[in-house]
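> The sequence shown maps to residues 148 to 312 in our numbering.
Treat the hints as calculated values from the structure; they're not laboratory data. Keep in mind that the hints are not guaranteed to be accurate.
Distance condition first, Cα-Cα at most 25 Å in a straight line; then the derived SDA-like pairs of lysine to any residue [stated by the list, open to error]: (1) Lys214 / Ser310; (2) Lys214 / Val233; (3) Lys265 / Ser310; (4) Lys214 / Lys265; (5) Lys265 / Arg305; (6) Lys265 / Arg298; (7) Lys214 / Asp246; (8) Lys214 / Leu241.
All values derive from a computational prediction rather than experimental measurement.
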Amino acid sequence: MLFRSGGYSPLAATLVAEHVFHPFNSTNPNSTLFYGHSYTGHQLGCSIALENLALFRETPVLEQVTKSSELLSQAIQHDLLPLASVANPRVLGLIAAFDLVQPASRTPFPTELNIGAKVCLAARQFGLLTRPILDTLVIMPPLSISPSEIRLITSALRNALLSTP
148 MLFRSGGYSP LAATLVAEHV FHPFNSTNPN STLFYGHSYT GHQLGCSIAL
198 ENLALFRETP VLEQVTKSSE LLSQAIQHDL LPLASVANPR VLGLIAAFDL
248 VQPASRTPFP TELNIGAKVC LAARQFGLLT RPILDTLVIM PPLSISPSEI
298 RLITSALRNA LLSTP
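Generate coordinates for the entire structure from the input sequences, incorporating the hints supplied.
Have a look at this one:
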């Protein structure tokens with residue numbers, strides 16, 4: 148069974164192939180597979196996973212991903228790509244990214260300036276929590292995101308970019 152907690156609560160399962168498990172499938176107590184981690188069987192995580200699975204059964208979440216992906220791509224094109232410091236936007240499903248570049252030369256910023264981190268800090272003022280990978284900003288919203296929330300993300304990033312020195 149596939150467990151999903153929506154990525155907001157810890158939940159883990161360990162799966163191994165039959166040939167790996169077979170030596171441990173014995174009544175001999177010395178053949179126990181001594182493996183575990185703190186998220187195994189986490190009660191809150193399991194409860195969230197069950198609710199998440201119910202949402203997938205009750206609503207067309209996956210059908211909405213294609214529409215939401217198109218909206219995200221359009222919002223990036225409209226709100227962010229016109230800015231001279233934004234380059235190389237890319238979207239795959241609901242994962243999007245773009246690079247920050249120096250406006251005049253369209254080359255990367257010096258790493259020590261931490262521009263990506265500064266933009267992400269500024270985005271907090273506009274209601275968005277995100278983090279950079281150096282000077283690449285990554286957007287990974289939940290599958291249940293609404294069109295207005297997509298616009299909130301790109302608007303917050305635009306405002307953060309415009310307010311970051």
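> Which earlier hints can't be squared with this structure?
1, 4
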